[in-house]
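> Spelled out from the first residue to the last, the chains are:
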Amino acid sequence: MQSMFPNENRWQRFIRGLLYGRDVDRAVKAKARLGLAIVIFAAVYTVIAVRLVMFATFSDGHNGRRSVGQDAIATARPDILDRNGEILATDVKSPSLFAEPRKLIDVDEAVELLTATLPDLDANEVRERLSSKRGFVWLKRELTPEQQRQVFHLGIPGVGFLPENKRVYPNGPTISHTLGHVNIDNQGIAGIEKWLDGQGLAALHMAGLAADRLQKPVELAVDLRVQFALRDELVKARDKFKSKASAGLVLDVNTGEIVAMVSEPDYDPNNPREANDPTRINRLTTGVFEMGSTFKVFTVAMGLDSGRMNLNTTFDGRQSLRYGRFTIHDDHPMNRMLTIPEIFTYSSNIGAARMALSLGPEYHRAFLKKMGQLDRLRTEIPESAEPIVPKRWGELNTVTISFGHGLSVAPLQAVMGIAATMNGGLLIPPTFLKRSREDALKVATQVLKPETSQKMRYLMRLNAEKGTGTKANVQGYYIGGKTGTAEKVINGRYAKNKLLTDFMAVLPADKPRYLVMIMLDEPQGLPETHGFATAGWNAGPVAGKVIARIAPLLDIAPRFDLPKADQLILASGSGNR
Amino acid sequence: MRLLNILVIAALILAASYVYKIKFDSTLQAERLAKVRNEIRKEQDAIARLRAEWAKLETPSRIQSLAERHLTLKPLHPTQFDNLDRLPEKPPQIVNPQSGDPIGAMLATPDTTGSVPAKR
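Chains as they are written, first to last, in this note's numbering: chain Y, 1 to 577; chain U, 1 to 120.
Source of the hints: derived by calculation from the structure; they are not laboratory data.
Backbone N, C-alpha and C define an ideal beta-carbon position, used for all residues, glycine too.
It is possible that part of the hints are untrue.
Calculated lysine to aspartate or glutamate pairs in the DMTMM-like style (CA-CA distance at most 25 Å, straight line) [stated by the list, open to error]:
{"hint": "1", "chain 1": "Y", "residue 1": "Lys369", "chain 2": "Y", "residue 2": "Glu380"}
{"hint": "2", "chain 1": "Y", "residue 1": "Lys166", "chain 2": "U", "residue 2": "Glu39"}
{"hint": "3", "chain 1": "Y", "residue 1": "Lys194", "chain 2": "U", "residue 2": "Asp45"}
{"hint": "4", "chain 1": "Y", "residue 1": "Lys511", "chain 2": "U", "residue 2": "Asp82"}
{"hint": "5", "chain 1": "Y", "residue 1": "Lys140", "chain 2": "U", "residue 2": "Asp45"}
{"hint": "6", "chain 1": "U", "residue 1": "Lys56", "chain 2": "Y", "residue 2": "Glu146"}
{"hint": "7", "chain 1": "U", "residue 1": "Lys56", "chain 2": "Y", "residue 2": "Glu86"}
{"hint": "8", "chain 1": "Y", "residue 1": "Lys93", "chain 2": "U", "residue 2": "Glu43"}
{"hint": "9", "chain 1": "Y", "residue 1": "Lys236", "chain 2": "U", "residue 2": "Glu58"}
{"hint": "10", "chain 1": "U", "residue 1": "Lys56", "chain 2": "Y", "residue 2": "Glu142"}
{"hint": "11", "chain 1": "Y", "residue 1": "Lys434", "chain 2": "U", "residue 2": "Glu58"}
{"hint": "12", "chain 1": "Y", "residue 1": "Lys449", "chain 2": "Y", "residue 2": "Glu342"}
{"hint": "13", "chain 1": "Y", "residue 1": "Lys471", "chain 2": "Y", "residue 2": "Asp555"}
{"hint": "14", "chain 1": "Y", "residue 1": "Lys511", "chain 2": "Y", "residue 2": "Glu342"}
{"hint": "15", "chain 1": "Y", "residue 1": "Lys140", "chain 2": "Y", "residue 2": "Glu100"}
{"hint": "16", "chain 1": "Y", "residue 1": "Lys140", "chain 2": "Y", "residue 2": "Asp185"}
{"hint": "17", "chain 1": "Y", "residue 1": "Lys93", "chain 2": "U", "residue 2": "Glu58"}
{"hint": "18", "chain 1": "U", "residue 1": "Lys56", "chain 2": "Y", "residue 2": "Glu274"}
{"hint": "19", "chain 1": "Y", "residue 1": "Lys216", "chain 2": "U", "residue 2": "Glu53"}
{"hint": "20", "chain 1": "U", "residue 1": "Lys21", "chain 2": "U", "residue 2": "Glu31"}
{"hint": "21", "chain 1": "Y", "residue 1": "Lys564", "chain 2": "U", "residue 2": "Asp82"}
{"hint": "22", "chain 1": "Y", "residue 1": "Lys216", "chain 2": "Y", "residue 2": "Asp185"}
{"hint": "23", "chain 1": "U", "residue 1": "Lys74", "chain 2": "Y", "residue 2": "Asp232"}
Beta-carbon label-pair distances, calculated as ranges [said to hold, decoys possible]:
{"hint": "24", "chain 1": "Y", "residue 1": "Lys133", "chain 2": "U", "residue 2": "Val36", "range": "35 to 45 Å"}
{"hint": "25", "chain 1": "Y", "residue 1": "Asn497", "chain 2": "U", "residue 2": "Asp85", "range": "50 to 60 Å"}
{"hint": "26", "chain 1": "Y", "residue 1": "Pro429", "chain 2": "U", "residue 2": "Gln29", "range": "47 to 57 Å"}
{"hint": "27", "chain 1": "U", "residue 1": "Tyr20", "chain 2": "Y", "residue 2": "Arg33", "range": "35 to 45 Å"}
{"hint": "28", "chain 1": "Y", "residue 1": "Leu118", "chain 2": "U", "residue 2": "Asn38", "range": "22 to 32 Å"}
{"hint": "29", "chain 1": "Y", "residue 1": "Asp277", "chain 2": "U", "residue 2": "Gln29", "range": "54 to 64 Å"}
With the sequences and hints as input, model every part of the structure.
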């Protein structure tokens, strides 16, 4: 048999056996074909056997997975906690009612029964949805367990329930603007909730991977207790001074964490419809305001940091400052030469204007730019506003901006800048998330000399001891503060009787830890304030009340019998942390 | 040869029954697993619901309104804080044991009701 091709091996013989050739032995050919058939059949049966084994082993797991996937329909979101682990937002399962119109037998009967059980359903809308040819329609989202039971007992075929995640904010309006809220599909549409969606949560949902409770909770910098105390005092202040709005902020000056933020009137995130009311906007980030005399903090810091003046430099306060057709007056005219501490504590517009003018508009503009007052400040929450900066910055602009008119900034932005003058000269972008001192230093920029910051702390404390901020001075907490009163612009003119008052308080002034800002929109004069409506009479005392309440919560022990500012702060050398 | 056949058939039957048993057990186990998973999910949902409820109950605004209604406590004043090392030695006896528990007495006062302030 092998006579013809003695040198070929088995494989070559097999191949040759398959071919039709005259020279091929019939027996070899038959054997080769038989062999091929055996191989093919063996392969087919192996595939079948393997598939059987696979079905046997994996079928259960497959079923189980499908049922888990079903209740992740309404997107699960991570819990939001405050800095102490208190729940600010969480998901709760609640059933939603759906129908499969193709499986419905009698649409009219179904509509009748459903509208009888759930009176808030619109009959026409339900009929329209049930008559459609779609495979799946929602009828009502977020049923109560009682409603679910009733509908279940109706026994309508083609109607069923799916458990959905519902976002719950247990603290209601206490914390609203920071958190934001979600829509009916559990997608964030404002505040931190919106930011969460931007962090890849939305993409996870698209891929159907955001299953239940696998996600790590988000920890905010907010302290719920401080937030509540601040809001409580602001609500009281708004009632007392009959102001249009009140807002407040507590910032950790060393880390840039926003420990509390309230803009009142606010809304209940459980009822997001309220948020559309334009009076309920977050004035601290979405509103821009002329901050008034609190801007003198920047003017004085600029002067001291320039190296061209010191605390004993005097400026002419003998008469009003005429500039073009404008005249700048002081509220408490001294009519003499004023030192820098006097300009600060008497809140002298003339002095501040002369100080800024001596350095020039270009320097002023560059300084405020460095302090982050001229650019839009972005934080985690999407709401932010562009400051209104004069297009041409002349000497007149420098004059007015030196005491806080003619430049509108978001209050949060001003707080960030003033925190930099207090904490040793570090400009730290504020954050709503928990942040350590080390992380804060990574994003911080040194904008002022530490000595300047020390002098500014002295001035702030001095102002609370004997300046415009005395009514905010809470015994025991060694606070420093600066008032600000701005006339609001109504129809392009400054209105004498429509004021925006604010107060910046730093505590404790010798080693600052927190900056508290209080802002009142159009407060009214009261008999007990002798009819005055300036910041020293309303925003200042409110800040004092807030500090007395929140200082124990922030672990600040009261200290008594401390020396005056010039001994404790100025004499302590470079007392920086 | 026949013996071999019989042995093989016996082995086949044994193997088949053993495989059946394993399969049956695994199905049971899988069912139990699915059931326990389902229970875990239900428990997790219940925990989430209870935690939300708890957070709602301990929200500061609620605690404050309750405290204002039912307690005679006042906010802390800075002068009420002091250092532990400035604490004087414990005086011999502050509360006379016969006079009982002042907080308990306050709780037991019958004229303090939920919404009506106590008459004094």
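> Next step is simple, just say for each hint if it's right about the structure.
The hints, checked one at a time:
1. Y:Lys369 <-> Y:Glu380: The hint holds at about 21 Å.
2. Y:Lys166 <-> U:Glu39: holds (20 Å)
3. Y:Lys194 <-> U:Asp45: holds (24 Å)
4. Y:Lys511 <-> U:Asp82: holds (20 Å)
5. Y:Lys140 <-> U:Asp45: holds (21 Å)
6. U:Lys56 <-> Y:Glu146: Status holds; Cα separation ~21 Å.
7. U:Lys56 <-> Y:Glu86: The given pair, whose Cα atoms are some 11 Å apart, holds under the 25 Å limit.
8. Y:Lys93 <-> U:Glu43: holds (11 Å)
9. Y:Lys236 <-> U:Glu58: holds (22 Å)
10. U:Lys56 <-> Y:Glu142: Holds. Lysine 56 of chain U to glutamate 142 of chain Y sits at ~19 Å (cutoff 25 Å).
11. Y:Lys434 <-> U:Glu58: holds (22 Å)
12. Y:Lys449 <-> Y:Glu342: holds (22 Å)
13. Y:Lys471 <-> Y:Asp555: Distance ~23 Å between lysine 471 of chain Y and aspartate 555 of chain Y Cα, so the pair holds.
14. Y:Lys511 <-> Y:Glu342: Given that 25 Å is the threshold and the Cα spacing comes to 23 Å, the pair holds.
15. Y:Lys140 <-> Y:Glu100: holds (13 Å)
16. Y:Lys140 <-> Y:Asp185: holds (12 Å)
17. Y:Lys93 <-> U:Glu58: holds (21 Å)
18. U:Lys56 <-> Y:Glu274: holds (20 Å)
19. Y:Lys216 <-> U:Glu53: holds (20 Å)
20. U:Lys21 <-> U:Glu31: holds (15 Å)
21. Y:Lys564 <-> U:Asp82: It holds: about 21 Å lies between the C-alpha atoms, which stays within 25 Å.
22. Y:Lys216 <-> Y:Asp185: holds (20 Å)
23. U:Lys74 <-> Y:Asp232: holds (15 Å)
24. Y:Lys133 <-> U:Val36: 35 to 45 Å: Check passed, 41 Å falls within 35 to 45 Å.
25. Y:Asn497 <-> U:Asp85: 50 to 60 Å: Cβ of asparagine 497 of chain Y to Cβ of aspartate 85 of chain U: about 54 Å, so the range 50 to 60 Å holds.
26. Y:Pro429 <-> U:Gln29: 47 to 57 Å: Once the Cβ atoms are compared, 55 Å apart, the range 47 to 57 Å for glutamine 29 of chain U and proline 429 of chain Y holds.
27. U:Tyr20 <-> Y:Arg33: 35 to 45 Å: At 39 Å between Cβs, range holds.
28. Y:Leu118 <-> U:Asn38: 22 to 32 Å: holds (28 Å)
29. Y:Asp277 <-> U:Gln29: 54 to 64 Å: This hint holds: roughly 57 Å between Cβ atoms.
Checked against the numbered hints given earlier, this structure breaks none of them.
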